[in-house]
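Number of protein chains: 2
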Amino acid sequence: MRQSELFTKTRKEAPKDEVARNAQLLIRAGYIHKEMAGVYSYLPLGFRVLNKIVNIIREEMNGIGGQELFLTALQDPEIWKKSGRWSEKVVDNWFKTDIKAGDKVGLGFTHEEPIVRLMGNHVHSYRDLPKLAYQFQTKFRNEERAKSGILRTREFLMKDLYSFSKDEKEHNKIYEKTKEAYVRIFNRVGVGERTFLTFASGGSFSKYSHEFQTICDAGEDTIYVDEKKKIAVNKDVLTPEVLKELGVKRDELVEKKAIEVGNIFSQGTRFSEPLGLKFKNEQGKETPVIMGAYGIGPGRLMGTIVELLADKAGLVWPSSVAPFKVHLISLAPENEEVKSAADHLYKKLVTAGVEVLYDDRDARAGEKFTDSDLLGLPIRLVISDKTIKASKVEFKLRAQEKSTLLDEAEVLQKVV
Amino acid sequence: MRQSELFTKTRKEAPKDEVARNAQLLIRAGYIHKEMAGVYSYLPLGFRVLNKIVNIIREEMNGIGGQELFLTALQDPEIWKKSGRWSEKVVDNWFKTDIKAGDKVGLGFTHEEPIVRLMGNHVHSYRDLPKLAYQFQTKFRNEERAKSGILRTREFLMKDLYSFSKDEKEHNKIYEKTKEAYVRIFNRVGVGERTFLTFASGGSFSKYSHEFQTICDAGEDTIYVDEKKKIAVNKDVLTPEVLKELGVKRDELVEKKAIEVGNIFSQGTRFSEPLGLKFKNEQGKETPVIMGAYGIGPGRLMGTIVELLADKAGLVWPSSVAPFKVHLISLAPENEEVKSAADHLYKKLVTAGVEVLYDDRDARAGEKFTDSDLLGLPIRLVISDKTIKASKVEFKLRAQEKSTLLDEAEVLQKVV
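Protein chains in written order, with my numbering: chain R, 1 to 416; chain X, 1001 to 1416.
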């Protein structure tokens, strides 16, 4: 895409009321727009990043047999009363609204209740199990405070996968498979090394739930990390018994701030029982379905990548989620020779299927370099009077200081 | 995909409270689920159709230079007060909700106000114009009645494109380009022949707005159609002056029921003025931006396709939006020879990139055929004892009665 056509512009300062570093950088770079506290719109560049993350998650969910659907935001009180989660005393972050000529309805902060009800139309026998269904849907959470940029918002996209199994054994297999898919997701988006499978409190149906926590000073959580074993323990289960069971020693654990980028729960029959999701087992006996729930917030993951990788000059995107792979800059595009060499390379790269943002703007070199660092695309290519004289293109990785001069064939080899 | 793995099942009867034919069929076929009156979830097959429609619209919007973004559902009252649309006396279908420790906020029923505000950060000069931005976002409308299935719902996905121009001339060019893109969209999804550009009332900034109306008995609108000229006139502008201006004669117009599948408006400075979206023109003078708004509801379009094309036996999808192109049915899969021939063809088709739903279920032939008609995939392929003996595959188009026996090479030629 030609940068002269992109409608967003960078800016020097973030809004004064924005305290989170991820949002400050993303707003300055024109990736997001703050609508209200805790409510952010995604502008073209930001939406491209969000979608890359979404597609990586989608591929991994499809890979383990997940079937994608799309539930609604508006929530029928009836099913939430059955599960006991309609009351504000139980769930303190509901948004509710009035439907015309009717009752209050809720805005979904999660989707167990509706998916359990609809599964009742399709699951009747053990032969119908196991099944995995997931969606990317907007969740609404009436948060008391929202000061972490896109790490914690009142409205956000969430991938929620639900599993339906006939027994514990079947459930555990799916749980492990999903855990592995999560590890692949966090590796693919570039936060794998800093992300730890973290043991947290379980509930009535399993001893533990599992969080995926990315070590980061901007995080709201505190975890205790065993770097060698690549696991961590959440504060809430940091007891001698748990440590013994996990085979870790307290004095080998390091306390760290972390961002919860994913979580997986065994829910047992917590929802299938009150909502009547039953099946006939091999013996013909009506049995409640065993469930699991598995969440990742793509927006929070995007914010985590920003917090982890950005430097003083701006954003730094891994190739897998960058809005464009290459930032092609023509210096002095009023110089016909420079312009036509840059146009030529742009077309060549696009034809080869490379995603390129082409800074063809009539702007000073300093402004272009500053913007380029702020936008954070993985590879920067510069064409100028100087590079043309040398019959070269300047090549630089955003994450490294050094630039090199390459000829066109070498550029294509590195980039395509 | 193997049908044995698909979690949805067909059913014989739609829910008793569902009166719309589109929703009855889509629910019976397992494409959608009714959460409440006017609120529908999309199940895997339905979500595939919705996404195909979304992608066709996206391609056409990108093709005219639209830049995709993603605004929020939660709406800041401040900007709606500026435009005069916060009051329920002005907008009677708001959903509003309370934000913790704060004011009421709205749920977006459209998005002019937020997009105009954010454009103010990026548009400063005539050089920044024109720009086109669009999104697919959930709209919330607190409808009094919701009895038309997915044709009119309280929560629905909408594609809304907004154009920003420096003057009327630039605006008119974009308006025409968008009109042409809309014609292509309706052609591509298979309702082009029955869809008419319809003149409707304009407002302060233009004499007319334009609707795209698809002739259909399930429609809520009444239009007057000139089939030869391929235009129509909405009831609200059916005056002698308008007819004269359009060069049509009253007695050549036929009254028809129709579904509004798209609309385009010239908004002039209706929103840019109160919200202060201005730019410096060539003479350095601050000038309000000229806007247009262009909507299509992918869900309503999906419902329209159902209403237009479905027959007594069930859904009938055009290839461009079908969840799968081919329904491959193995009759008597317990017969090893049939099973292995069907498995073989399934793999062959999938490898060739064809989207296939493979009915490998252990079910009676009658049930399989009934389901297949209800699901409505464009091409049905049957493998049975009989076809194997003839070394053939039975080939049938969903929209036609006749089936033929083809050998594998012919099938591949027709399908790939």
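Hints are computed from structural coordinates only; laboratory data are not their basis.
Yeah, the Cβ is synthetic: ideal placement off N, Cα and C, and Gly gets one too.
Careful: at least some of the hints might be erroneous.
Unchecked claim - Residues from chain X shown here face chain R by an in silico Cβ test under 7 Å; the list is partial:
no., residue
1, Ile1064
2, Asp1076
3, Lys1139
4, Glu1144
5, Asn1281
6, Thr1370
7, Asp1373
Here is what the structure says about each hint:
no.: 1; hint: Ile1064; verdict: violated (12 Å)
no.: 2; hint: Asp1076; verdict: holds (5 Å)
no.: 3; hint: Lys1139; verdict: violated (11 Å)
no.: 4; hint: Glu1144; verdict: holds (6 Å)
no.: 5; hint: Asn1281; verdict: violated (18 Å)
no.: 6; hint: Thr1370; verdict: violated (17 Å)
no.: 7; hint: Asp1373; verdict: violated (20 Å)
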